[in-house]
Each structure stands twice: as C-alpha cells, then as structure tokens.
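Now for the letters of each chain:
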Amino acid sequence: HAPPRSERMAVDQDWSSVYPTAAAFKPASVPLPIRMGYPVKRGVPPPKEGNLELIKIPNFLHLTPPAIKKHCAALKDFCTEWPSALDSDEKCEQHFPIEIETVDYVSSGTSIRNPKARVVTLRVKLSNLNLDDHAKKKLIKLVGERYCKDTDMLTITTDRCPLRRQNYDYGIHLLTVLYHESWKTEMWESEKTEEDMEEYIWENSCSQKNALDTLLRIKASENVSNVTKEEILASEVVKNYRNSVIALKNEGETEDNISQYKESVKKLLNIQALP
Amino acid sequence: VSISDEPETLYKRLSLLVKGHDQAVLDSYEYFAVLAAKELGISVEKVHKPPKKIERLTLLKSVHIYKKHRVQYEMRTHYLCLELKYLTSSTAAVYLEYVQRNLPEGVAMEVKKTKIEKIPEHIQEPVWDTLPQVEETEVKS
Numbered sequence: 001h002a003p004p005r006s007e008r009m010a011v012d013q014d015w016s017s018v019y020p021t022a023a024a025f026k027p028a029s030v031p032l033p034i035r036m037g038y039p040v041k042r043g044v045p046p047p048k049e050g051n052l053e054l055i056k057i058p059n060f061l062h063l064t065p066p067a068i069k070k071h072c073a074a075l076k077d078f079c080t081e082w083p084s085a086l087d088s089d090e091k092c093e094q095h096f097p098i099e100i101e102t103v104d105y106v107s108s109g110t111s112i113r114n115p116k117a118r119v120v121t122l123r124v125k126l127s128n129l130n131l132d133d134h135a136k137k138k139l140i141k142l143v144g145e146r147y148c149k150d151t152d153m154l155t156i157t158t159d160r161c162p163l164r165r166q167n168y169d170y171g172i173h174l175l176t177v178l179y180h181e182s183w184k185t186e187m188w189e190s191e192k193t194e195e196d197m198e199e200y201i202w203e204n205s206c207s208q209k210n211a212l213d214t215l216l217r218i219k220a221s222e223n224v225s226n227v228t229k230e231e232i233l234a235s236e237v238v239k240n241y242r243n244s245v246i247a248l249k250n251e252g253e254t255e256d257n258i259s260q261y262k263e264s265v266k267k268l269l270n271i272q273a274l275p
Numbered sequence: 276v277s278i279s280d281e282p283e284t285l286y287k288r289l290s291l292l293v294k295g296h297d298q299a300v301l302d303s304y305e306y307f308a309v310l311a312a313k314e315l316g317i318s319v320e321k322v323h324k325p326p327k328k329i330e331r332l333t334l335l336k337s338v339h340i341y342k343k344h345r346v347q348y349e350m351r352t353h354y355l356c357l358e359l360k361y362l363t364s365s366t367a368a369v370y371l372e373y374v375q376r377n378l379p380e381g382v383a384m385e386v387k388k389t390k391i392e393k394i395p396e397h398i399q400e401p402v403w404d405t406l407p408q409v410e411e412t413e414v415k416s
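So the protein lines, in turn, are chains U and A.
Numbering-wise, our numbering puts 20 at position 20 of the first sequence, and it's gapless, one number per residue.
Numbering-wise, our numbering puts 340 at position 65 of the second sequence, and it's gapless, one number per residue.
Heads up, some of the hints might be wrong.
Claimed, not checked - Below, simulated SDA-like cross-link-like pairs (lysine to any residue); rule was C-alpha separation at most 20 Å, straight line: (1) A:Lys360 with A:Ser318; (2) A:Lys287 with U:Phe96; (3) U:Lys138 with U:Lys192; (4) U:Lys70 with A:Lys360; (5) U:Lys149 with U:Arg113; (6) A:Lys387 with U:Lys149; (7) U:Lys76 with A:Leu310; (8) A:Lys387 with U:Arg113; (9) A:Lys287 with A:Ala368; (10) A:Lys387 with U:Val44; (11) A:Lys388 with U:Tyr170; (12) A:Lys294 with U:Lys76.
To be verified - What the simulated footprint calls covered on chain U by chain A, stretch by stretch (three residues with Cβ under 8 Å from a Cβ of chain A suffice, anywhere in the stretch; the number is not a length): (13) 164-171; (14) 243-257.
If you're looking for bench data, these hints aren't it; they were derived computationally from the structure.
Predicted model only: the values in this text are computed from it and were never measured.
Even for Gly, the Cβ is constructed at its ideal location relative to N, Cα and C.
Hey, can you work out the whole structure from these sequences and the hints?
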C-alpha cells in the first residue's frame, strides 16, 4: 500500500493549505507522532493510526498562529478605530452617561434561539441627569430598590417584551416618564411629614426646641437680660451642637460622632470636669 | 469595502464567557481568541477562569428492581471569561463573527455587550416648562 502523505511533506511547507478549514483529524496528513488514549498494561498509549480519541476531540489544526495572522490581516480592513479621545472610563462616563447591557447566547443544539437574550439592562448615574433637589428625592422614592446609594446608579432591567428592541424602547420610555414625573409637584406632596424625610434637618425639629428651651431657662435663672432666639441660635455652642446632632442622625453612630456630641453638650451646658 | 454614514455605536466592554466540557479545548480556544484580539488591535482587559461546576446524578443501574445498585454520572462544565475593552460596533461585529465561526463543537458562548450612549434629547429638559398653559381640569374622584 502507498506510504502516507506525511512522509512526503517538506518541513517548511505552508500548513494553512493542508488544513484550511476545521476538519477531522487525518492521521496520514499530520506528520506528528502523537499517541493518545489509555495505555495497556505495561505499555504506551495507542498510536495515531485508527485512533478514535484523536478524531473525537475538536482539533485546532486549522488555527495555527500563522493562519490566525493571515485571517486577521484580511479582516483588519473591516474594523474601525476606537476614538482616541475616550481612553478612560471617566471620559466615557462624562460624554456617554447611559450604559445599556445586552447578552447574546451561542450554543449548539436544535434551535439557535435563547429566551434569555431579550433582557436589556439600563444603567445611569443620577448626577448626569438634569435633576434638582426635590426631583432627585422624588425619583429615588419612585424607583425604590433599583437605585444604589453608594455608587449613585439607577439600574432598570426590562424583560416584559418579546423582542430586544422593544425592551430597549420600553426602558428608555420608563426613564423618560420617571424623569418628567419627578419634576412635577403634586398637591399632596406638601403634606410630607418628618417620617418621610430622607435626611435629618435640624431647623424646626424637637432637638432645636429642646435646646432653645433649656438655654432660655438657664438664662432666666441667671437673671441675665433677655437674649433673643436668633442670638442663641447664632452662637457657637448651639452651632456645634446642631452639627453633631445632624452628623449622628445622618451618618449613624461612630466613635468620632459620639465624642463630638459629648463635647458639644458639655460646652452647651457648661459642664466641665466629667471625662 | 463600503463605509456607511450612520454613527458607530460604542461598546465600553465586551465580556465573553465560554463554557465547555474539556479544559484543554478551552485553553487552545483562549490562545486563539487572545491572539486574534491582539492582531485586530483590541485591548484585552483580563482573562480569567471561573471554577468548574460538576453536576452529579445518581440513577438506578437496572431497568426493573435492584434498588441497592446504582450508577453515578457527572457532567463537568469548565468556564473561561475574556473581557475586552473599548470596541466600535464594526470591530465588535468582525471579531465576534470570526471567533464564533471558529467555536469548536460542543462549546457554548455568552456575550455580554455594554453599549454606551448619550442622554436622549427628551430627557435634557423637563417638558413641563415648555408646554403651553393648559387650564386645570376638574379632577373626578
């Protein structure tokens, strides 16, 4: 029988013409002495002639580095350059604030469709949208769980339409509606109580009234001439107390906050000596 | 090569997750994909391998009785994640088509594209400022 083709191959031949496309492993065309499989007792793995294991496994003989370079050189004409002005994430964020995430699925099977492919996720940073203070608070309340306070990101995930384009349009529509609704002020919004406030405001709160009361009574017992409310509020000690109370309520209780509160109360009531 | 006039969409990040049953196949594929990206001028952010997942089943060995004799099968899924940064839509289309046509048999891929866009015009200013003054209609309870 004729010798295999591998014995007549030159060392510096063009390999991409032997395996131009993905093909099964042909032992007569590959000049490598490969052995694959489980060895017999006290023996070596079986040789490549008639070896089913080598035919079963997908081989990359058609994608050697010179072949890849040739393919890419031909494909390079169809690629476009990334704009050089946008080389960092911050610049992308500044010029293009909205991020849209879509997922594509490739798999082998009877059907190429995948129902998970229609999900679209929109992400925006609220600092990039044109919102004023009231609009921002209203938007956060409307959106609820989809807003992350640490990174200031609003994430909208749409799934309800059957096509990806429809989900994208619905997401943009939701964003538009939220934006416009948050700028509107309804009549019942004026009934916002202290429990609804997101952050603690010291003016007109129980803490301010109590402090004023206490200081007025101290002044009255010392029989000093009547100092007005504005003078008390504008004094240093009261300002310190106000800052420490606001810090405690808004940021939670930390070592620094509590010690600051202690110092301000001591100065307010003129108590020394206690450590 | 024809050049179209519509502005290119920009992809900030392209995340390829490749799943297969054989780690050696995925390693060769990783070499191929990274080399292709370098040749086409795409910056590869990182390449990492999430840990493999093994799904095990325990079934009865015999068709009828013999409950005590079972046989166990397992399915191993190896993962490979490639993250590419800063692609235009034509570059992404070229790279994805090349890479997906040369996907080996029995290997699946998920591509997550993050597109970046400007804020659409209808969100720049609230519309209530520019609408003509409409008389307030009675709100029916």
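| said: Tell me if the straight-line CA distance from U:Lys76 to A:Leu310 falls inside 20 Å. | reply: Answer holds: U:Lys76 to A:Leu310 is near 14 Å, not above 20 Å.
| Mind checking, does the region 243-257 of chain U have 3 or more residues with a CB under 8 Å from chain A? | violated (count 0)
| said: Check whether the Cα positions of A:Lys294 and U:Lys76 lie no farther apart than 20 Å. | reply: At roughly 28 Å apart (the allowed maximum being 20 Å), U:Lys76 and A:Lys294 break the hint.
| request: Measure nothing beyond the straight line between the CA atoms of A:Lys287 and U:Phe96; if it is 20 Å or shorter, mark the hint as holding. | output: The given pair, whose Cα atoms are some 10 Å apart, holds under the 20 Å limit.
| said: For a C-alpha distance cap of 20 Å, please report whether U:Lys149 and U:Arg113 respect it. | reply: Not OK: U:Lys149 and U:Arg113 at ~37 Å, beyond 20 Å, violated.
| Has the given pair, U:Lys138 with U:Lys192, been kept, meaning a C-alpha gap of at most 20 Å? | 12 Å, holds
| said: So if I understand the rule, the pair passes when the alpha-carbon distance is 20 Å or less; does A:Lys360 with A:Ser318 pass? | reply: Holds - the C-alpha atoms of A:Ser318 and A:Lys360 are around 6 Å apart, at most 20 Å.
| message | Run the distance test for A:Lys387 versus U:Lys149: straight-line Cα separation, threshold 20 Å. | response | Distance ~25 Å between A:Lys387 and U:Lys149 Cα, so the pair is violated.
| Is A:Lys388 within 20 Å of U:Tyr170, Cα to Cα? | 19 Å, holds
| task | Take a quick look at whether A:Lys287 and A:Ala368 sit within 20 Å of each other, Cα to Cα. | result | This hinted pair holds, its Cα atoms lying about 14 Å apart.
| said: Check whether the Cα positions of U:Lys70 and A:Lys360 lie no farther apart than 20 Å. | reply: Cα-Cα ~23 Å, so violated.
| query | Within 20 Å, alpha carbon to alpha carbon, are A:Lys387 and U:Arg113? | reply | Roughly 16 Å between the alpha carbons, so the hint for A:Lys387 and U:Arg113 holds.
Hints 4, 5, 6, 10, 12, 13, 14 from the list above are not met by this structure, while the remaining hints are.
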